[in-house]
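Number of protein chains: 2
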Amino acid sequence: MNEAPLLNTALTERLGCRYPIVQTAMGWVADAKLVAATTQGGGFGFLAGATIEPERLEAEIQKVIELTGGSRFGLNFHMFQENAQECVELAIRYRLKAVSYGRGPDQATIARLKAAGVLCIPTVGALKHALKAEQLGADMITIQGGEGGGHTGSVPTTILLPQVLDAVKIPVIAAGGYSTGRGLAAALAAGAAGIAMGTRFLMTTDAPTPASTLERYLAVKDAGQVRVTTAVDGMRHRMIDNAYITRLERAGPLRRLIIALKSARQWQAETGMSHGHMLRTFWRGLREDPAAVSQVVMAANQPVLLRRSMVEGLADQGILPSGQVAAAIEHLESAPELIAGIVEEARRCFDALLGRLEPGTGNSYGNNHDNNHGNNNGNDRASATATAVAVDADSAPQPPRETTR
Amino acid sequence: MNEAPLLNTALTERLGCRYPIVQTAMGWVADAKLVAATTQGGGFGFLAGATIEPERLEAEIQKVIELTGGSRFGLNFHMFQENAQECVELAIRYRLKAVSYGRGPDQATIARLKAAGVLCIPTVGALKHALKAEQLGADMITIQGGEGGGHTGSVPTTILLPQVLDAVKIPVIAAGGYSTGRGLAAALAAGAAGIAMGTRFLMTTDAPTPASTLERYLAVKDAGQVRVTTAVDGMRHRMIDNAYITRLERAGPLRRLIIALKSARQWQAETGMSHGHMLRTFWRGLREDPAAVSQVVMAANQPVLLRRSMVEGLADQGILPSGQVAAAIEHLESAPELIAGIVEEARRCFDALLGRLEPGTGNSYGNNHDNNHGNNNGNDRASATATAVAVDADSAPQPPRETTR
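Protein chains in written order, with this note's numbering: chain B, 310 to 714; chain H, 310 to 714.
Just so you know, the hints here were simulated from the structure itself, not pulled from any lab data. Do not take every clue at face value.
[Claimed, not checked] Simulated crosslink set (BS3-like; lysine-lysine; CA at most 25 Å straight-line):
no. : chain 1 : residue 1 : chain 2 : residue 2
1   : B       : Lys478    : B       : Lys423
2   : H       : Lys437    : H       : Lys423
3   : H       : Lys372    : H       : Lys423
4   : B       : Lys437    : H       : Lys530
5   : B       : Lys423    : B       : Lys441
6   : B       : Lys372    : B       : Lys342
7   : H       : Lys530    : B       : Lys441
8   : H       : Lys478    : B       : Lys530
9   : H       : Lys478    : H       : Lys423
10  : B       : Lys530    : H       : Lys437
11  : H       : Lys441    : B       : Lys530
12  : H       : Lys437    : H       : Lys478
13  : H       : Lys423    : H       : Lys441
14  : B       : Lys437    : B       : Lys423
15  : H       : Lys441    : H       : Lys478
16  : H       : Lys530    : B       : Lys478
17  : H       : Lys372    : H       : Lys342
18  : B       : Lys478    : B       : Lys437
Looking at chain B on its own, in the form it has when it is part of the complex (with noise of 0.2 Å):
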């Protein structure tokens, strides 16, 4: 049960997973088949139901409770969708495990879920909204670096982690460029509870993305080419370039106002969302920042081009949301295959740092982990780390030390 210490985190303990690596939300792609995979394979999925039509959203639910057994996931929302307060109800009555969202929902509603037992984990992109997150009572957080995928910040992860890790006291999760167990151990060492992951699991073999729109990410080959514009919804957003984007970008401001407000009235069409909550939500946008008039309009741009790479399939069409990540993925892989990988890998990670401690033990963390518990495994490590020290005091190969100080 208890087979890798190290791998035995916050997260873990608290949201009752096997290994702490979390799959985050992503419009269209996270849907129950997806979440059930991560959650078989150990970690622990997020639901995107910012992008379920909310008559499926329930379906979808129960879907992952039959497929996996247990409630042992999480559901991702906005509370500008026009479903917010029944996601907010149906995490509350499935008990499910957690709920992630960007911008939060109000304190009370905050506090009424984790009354119920559903943990809070909002992500954030920078170190004030990381404290503010803290304050409205966030029981986790997940930090993205700028690296990471859709929308996303400016502070990269090697940055952003150490700052909020040293800035509040909730279990944090580190996002943005993560996709190897090397990333987890290096996560892990500076004090996360653990990686959350997008693209990584967008491409997997469980995932619902048309074939098409995966071969284009695994085509990038270079870091560069997952860029930030502002062109789709007015905000950062981290996507893989591609013709429609330049378009986009060319277009200028008013011309993508134009082309925004055609979304707009087409994303209504499709989501059946009335005029009244679209009005709503565009006066809230405009009450909570006046400047952001055309980024409101602009944002009904972003589910509608999802869309169209995602489940039409349509890559040059639609937009290609991605960390940088994707330049460094070679190849798809079942969602539980990827976290064995990583695990194992992480392992070896930490097999190798133990092994400078105790040089006598060679991989006892690794290979220790399934068939050698109890005082036996204390007794290993007790003679080993005997032999090291001695080892140390010698230091035959160390050049001497030139100390000044």
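Got chain B sorted already, so can you dock chain H onto it with the hints?
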């Protein structure tokens, strides 16, 4: 002596420094005083051989040796500088521990340096350059993620570091985004041999940088303001946004070329660089990459603009190369204080990690390092481990696992 086994790496062993922390060579910043302070603090520093006047270079090397009582430091140079060959000779003559460079010297020169015991540690920003550097004979390699300062690539550290660690056999030093002990612990856990930092050492009281310029670095609170421009010399160059850069970018390509030609003349006058060497440098640039004519001319911009900010203290009339990490750095301290703080924090990170492996030990790794060596330490760890395993076996606070796999 061997006070921190997890901080002893291939880097400390081969470079002979106490901690796996490298101070990179920043033009007009990494002088004898900074390198000596770094050395005295237990780190490893590189002299900025590319900007130290040729006639002062040998004296600067001697100064570090005098101040530190040894030659445990490095020299950075570029093959396009007029005294490149002299740099090689000086590194060999003074038995410096290492040289660093970007585009490296030829294979024969590298072999010569290695034969003389001078380690070759190029800096790269992309996987393919790492492979090339290893093939040319590099002893170690520094990878710099795109968030790093000055000339920089487009792959962030979170992605580049695992990529390169998987691809090369030589030790890898991680750079780009580092300023903390959490970062050091993370890099070591991923498998790096250490970290290298530029901006963080620039922002110490041991750097010769004028106060007026350092104030500009301290004033940066937004990582997005430490941005990439190609306007200075045609290459990706990360620096703190200022009026000069904005003006340069607005100038357009032709006007920029004229500005650059002026800079080139000024640079030639100031450095006494011969017409012959300047023409040869340009010619080599043209031959290597015919598309980069203006880039070669524009390259003369950089040292002139750098001098204005770094030597003359005219932050607004020059450029302010910086990693995005400047936004996370809040105060100046001495290089030894900086190093001690990073080491202490990295130890706390490893303590926390090992604490999960052996909950009974508390902070044994960090607290025992100075006064508790030998078998005694081994015994402490042994009994603590036994306790830890017993606790793990109970695993009381863990929620039931809904394992379905």
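Here's how the hints hold up against the structure:
no. : hint                : in the structure
1   : B:Lys478 - B:Lys423 : holds (17 Å)
2   : H:Lys437 - H:Lys423 : holds (22 Å)
3   : H:Lys372 - H:Lys423 : holds (24 Å)
4   : B:Lys437 - H:Lys530 : holds (11 Å)
5   : B:Lys423 - B:Lys441 : holds (17 Å)
6   : B:Lys372 - B:Lys342 : holds (8 Å)
7   : H:Lys530 - B:Lys441 : holds (17 Å)
8   : H:Lys478 - B:Lys530 : holds (22 Å)
9   : H:Lys478 - H:Lys423 : holds (17 Å)
10  : B:Lys530 - H:Lys437 : holds (11 Å)
11  : H:Lys441 - B:Lys530 : holds (17 Å)
12  : H:Lys437 - H:Lys478 : holds (14 Å)
13  : H:Lys423 - H:Lys441 : holds (17 Å)
14  : B:Lys437 - B:Lys423 : holds (22 Å)
15  : H:Lys441 - H:Lys478 : holds (12 Å)
16  : H:Lys530 - B:Lys478 : holds (22 Å)
17  : H:Lys372 - H:Lys342 : holds (8 Å)
18  : B:Lys478 - B:Lys437 : holds (14 Å)
Consistency note: the structure conflicts with none of the earlier hints.
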